[in-house]
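A.B. asks: Now for the letters of each chain:
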Amino acid sequence: MFDVAKIKRDFPVLQQEINGKPVAYLDSAASSQLPRQVMEAMSRYYETSHANVHRGVHTLAERATSAYEEAREKTARFINAPLPQNIIFTRGTTEALNLVAYAYGLHKLQAGDGVIVTLLDHHSNLVPWQQIAKLRNANLYMVELTDEGLLNMDQFRSYLKQGNIKVVAVTHASNVMGTITPIKDIIRDAHQAGAVVVVDAAQSAPHMKIDVQELDADFLAVSGHKMLGPTGIGFLYGKGKLLDSMEPFQMGGSMIGLVNYFESNWAEVPARFEAGTPNIVGAVGLAAGIDYLTALGMEQVEQHERQLLAYAWDRLSQVEGIALYGPREPRTGLIAFNVDDTHPHDVSTVLDAEGVAVRAGHHCAQPLHKWLHTAATNRASFYIYNDQQDIDRLVSALQRVKEMFGYVAR
Amino acid sequence: MSLDSLYQDVILDHYKKPRNVGKIDNYDVGMELANPTCGDVIGIHLKLDDEGKVADAKFHGHGCSISQSSASMLTVKVKGKKVEEARQLIADFYEMMKGSEGDYSKLGELQALQGVAKYPVRIKCATLAWKALEQGLDKKEGVNDGESQ
Numbered sequence: 001m002f003d004v005a006k007i008k009r010d011f012p013v014l015q016q017e018i019n020g021k022p023v024a025y026l027d028s029a030a031s032s033q034l035p036r037q038v039m040e041a042m043s044r045y046y047e048t049s050h051a052n053v054h055r056g057v058h059t060l061a062e063r064a065t066s067a068y069e070e071a072r073e074k075t076a077r078f079i080n081a082p083l084p085q086n087i088i089f090t091r092g093t094t095e096a097l098n099l100v101a102y103a104y105g106l107h108k109l110q111a112g113d114g115v116i117v118t119l120l121d122h123h124s125n126l127v128p129w130q131q132i133a134k135l136r137n138a139n140l141y142m143v144e145l146t147d148e149g150l151l152n153m154d155q156f157r158s159y160l161k162q163g164n165i166k167v168v169a170v171t172h173a174s175n176v177m178g179t180i181t182p183i184k185d186i187i188r189d190a191h192q193a194g195a196v197v198v199v200d201a202a203q204s205a206p207h208m209k210i211d212v213q214e215l216d217a218d219f220l221a222v223s224g225h226k227m228l229g230p231t232g233i234g235f236l237y238g239k240g241k242l243l244d245s246m247e248p249f250q251m252g253g254s255m256i257g258l259v260n261y262f263e264s265n266w267a268e269v270p271a272r273f274e275a276g277t278p279n280i281v282g283a284v285g286l287a288a289g290i291d292y293l294t295a296l297g298m299e300q301v302e303q304h305e306r307q308l309l310a311y312a313w314d315r316l317s318q319v320e321g322i323a324l325y326g327p328r329e330p331r332t333g334l335i336a337f338n339v340d341d342t343h344p345h346d347v348s349t350v351l352d353a354e355g356v357a358v359r360a361g362h363h364c365a366q367p368l369h370k371w372l373h374t375a376a377t378n379r380a381s382f383y384i385y386n387d388q389q390d391i392d393r394l395v396s397a398l399q400r401v402k403e404m405f406g407y408v409a410r
Numbered sequence: 001m002s003l004d005s006l007y008q009d010v011i012l013d014h015y016k017k018p019r020n021v022g023k024i025d026n027y028d029v030g031m032e033l034a035n036p037t038c039g040d041v042i043g044i045h046l047k048l049d050d051e052g053k054v055a056d057a058k059f060h061g062h063g064c065s066i067s068q069s070s071a072s073m074l075t076v077k078v079k080g081k082k083v084e085e086a087r088q089l090i091a092d093f094y095e096m097m098k099g100s101e102g103d104y105s106k107l108g109e110l111q112a113l114q115g116v117a118k119y120p121v122r123i124k125c126a127t128l129a130w131k132a133l134e135q136g137l138d139k140k141e142g143v144n145d146g147e148s149q
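From first to last, the protein sequence lines stand for chains A and B.
Using my numbering, read the first sequence as starting at 1 and increasing by one per residue.
Using my numbering, read the second sequence as starting at 1 and increasing by one per residue.
Next comes chain A alone, as it looks inside the complex:
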């Protein structure tokens, strides 16, 4: 039984009023909230176990190192990675994707090679490849969308047929359209064409069961702060063979083997990609978030969000003058929308006054918004602590928007 009221009680930030009203937090696709259990795990770490990791032989250093490495093991199990060494802790999805672009792309791509990106990609999986393609004189190919907002798979396959594609950078779930991409097919086709696939799972891993071995993903990037963890921690999954073959991304302490006057060699993976003192408490918090989600069960999390999504889609569709973006299926638990001609910033300000938190803007997806012929959208996104009442509050607050801004003659 998925008990939202009980879950909500674990989230202190949701116990308060905003502008005199209980908060309806519908912005988890930007950042989710933290349950008490995650915050407690982090302060417990600082109270009992903090020191630097991987150096020092005293007891606290040992405790810190095991807390950090246990977090790596938990993270590996969460996405069914074969080994903890497949997990590299990063600042978040953005750093994980940049790591692939620089440590893999920059070294392996040759002039004339091709990189496929998609219109559903967040700037963080698009812009690094624009940059690497420029540096290596490689070619970038953009997979566009069908009218329904699904990836144009014919276009994707025709790019693959060119024979020069070495990398496919693709999102698993769009942070604007909500579209869940046919990631398994994409990976299979890309592999047949000899390309590696970099999966941005920032919007999928918090919401559904991910099995990197079943997907056969080469690289997969996730942010901790979208799945109950703190900000500043995320991870990159990489296949062992690929990671072993890669040059480091950042240089410094912990990532070296032997350092001589004029040259050095590198530590084994994952240390090779974790220069400097890592975000230890962040990893502890991420692992506590994983524990929380695992206790609920990812299948149950997904099912809860699907029910909320169906309810929200139904209720929002009935709001006069509303435009909902993206396909009805297959979709993750978020809906981007516009109301009449009212600018998303105005919508969002009015909703905020009603205690309803949504995101407004281009959501770091400018090419997609250009394709949608709109500068910006509002986005409501759902997570484990949301219920139908939050959506009812959103719908009635939208009535207030219409009262205020409706009937703009343009």
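Hints were generated in silico from the structure; no laboratory data involved.
A portion of the hints provided could be inaccurate.
Subject to a maximum C-alpha distance of 20 Å in a straight line, what follows is the list of computed SDA-like cross-link-like pairs (lysine to any residue) [to be verified]:
no. : chain 1 : residue 1 : chain 2 : residue 2
1   : B       : K17       : A       : G355
2   : B       : K58       : B       : R87
3   : B       : K16       : A       : R400
4   : A       : K402      : B       : S2
5   : B       : K17       : B       : K77
6   : A       : K74       : A       : R63
7   : B       : K118      : B       : S5
8   : B       : K58       : B       : D138
9   : A       : K402      : B       : K53
10  : A       : K21       : B       : D4
11  : B       : K23       : B       : L48
12  : B       : K139      : B       : E84
13  : B       : K16       : A       : R63
14  : B       : K131      : B       : Y94
15  : B       : K118      : A       : A357
16  : B       : K47       : B       : R87
17  : B       : K53       : B       : Q88
18  : B       : K17       : A       : R63
19  : B       : K79       : B       : G39
20  : A       : K402      : B       : D13
21  : A       : K21       : B       : K139
22  : A       : K370      : B       : L48
23  : A       : K402      : B       : Q88
24  : B       : K47       : B       : E32
25  : B       : K17       : A       : M404
26  : B       : K124      : A       : Q366
27  : B       : K47       : B       : P36
28  : A       : K184      : A       : M153
29  : A       : K370      : A       : M404
30  : A       : K370      : B       : G39
31  : A       : K370      : B       : D138
32  : B       : K118      : A       : G355
33  : B       : K79       : B       : L48
34  : B       : K118      : A       : A323
35  : A       : K402      : B       : Q8
36  : B       : K124      : A       : K21
37  : A       : K370      : B       : P36
One side of the interface only, derived from the structure: several residues of chain A facing chain B at Cβ under 7 Å [stated by the list, open to error]:
no. : residue
38  : G20
39  : H343
40  : H345
In this text, a Cβ means the ideal position worked out from N, Cα and C, and glycines have one as well.
For this one, chain A is given, so just place chain B on it according to the hints.
C.D. replies: Chain B in isolation, oriented as in the chain A frame:
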């Protein structure tokens, strides 16, 4: 702070019926700016007369009620003003957006935007048109040209 004090009638009026929308061919002062966080774009065009006064002012672009009404009121306000006077208006407007105490009666109906100062994320919406005007004047007067930059 209530919503009604943010969205005052004069703001909604300028938003729903914007004044001086368009572009000026052969403008003397012109600049287009974007707000990268929301994708809003505002362009300001001015035509100056022989005495250096603003003979015509127009704006174009798209954005929220705050940025659109601010641009609309700007064009109304600067008409007939000398460039130095326009620069003083810009300075006064920025001061008001900082939330500083002061007498802003010279800004006239633009005082309706005073409430925006209480909404930090929206201040950039209100100042976008003014930044375009400021940078347009800088370009015209060569402030950013040459080695002085």
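A.B. asks: Looking back at the numbered hints, which does the structure fail to meet, lowest number first?
C.D. replies: Numbers 1, 9, 13, 18, 19, 21, 22, 23, 27, 29, 31, 34, 36, 38, in rising order.
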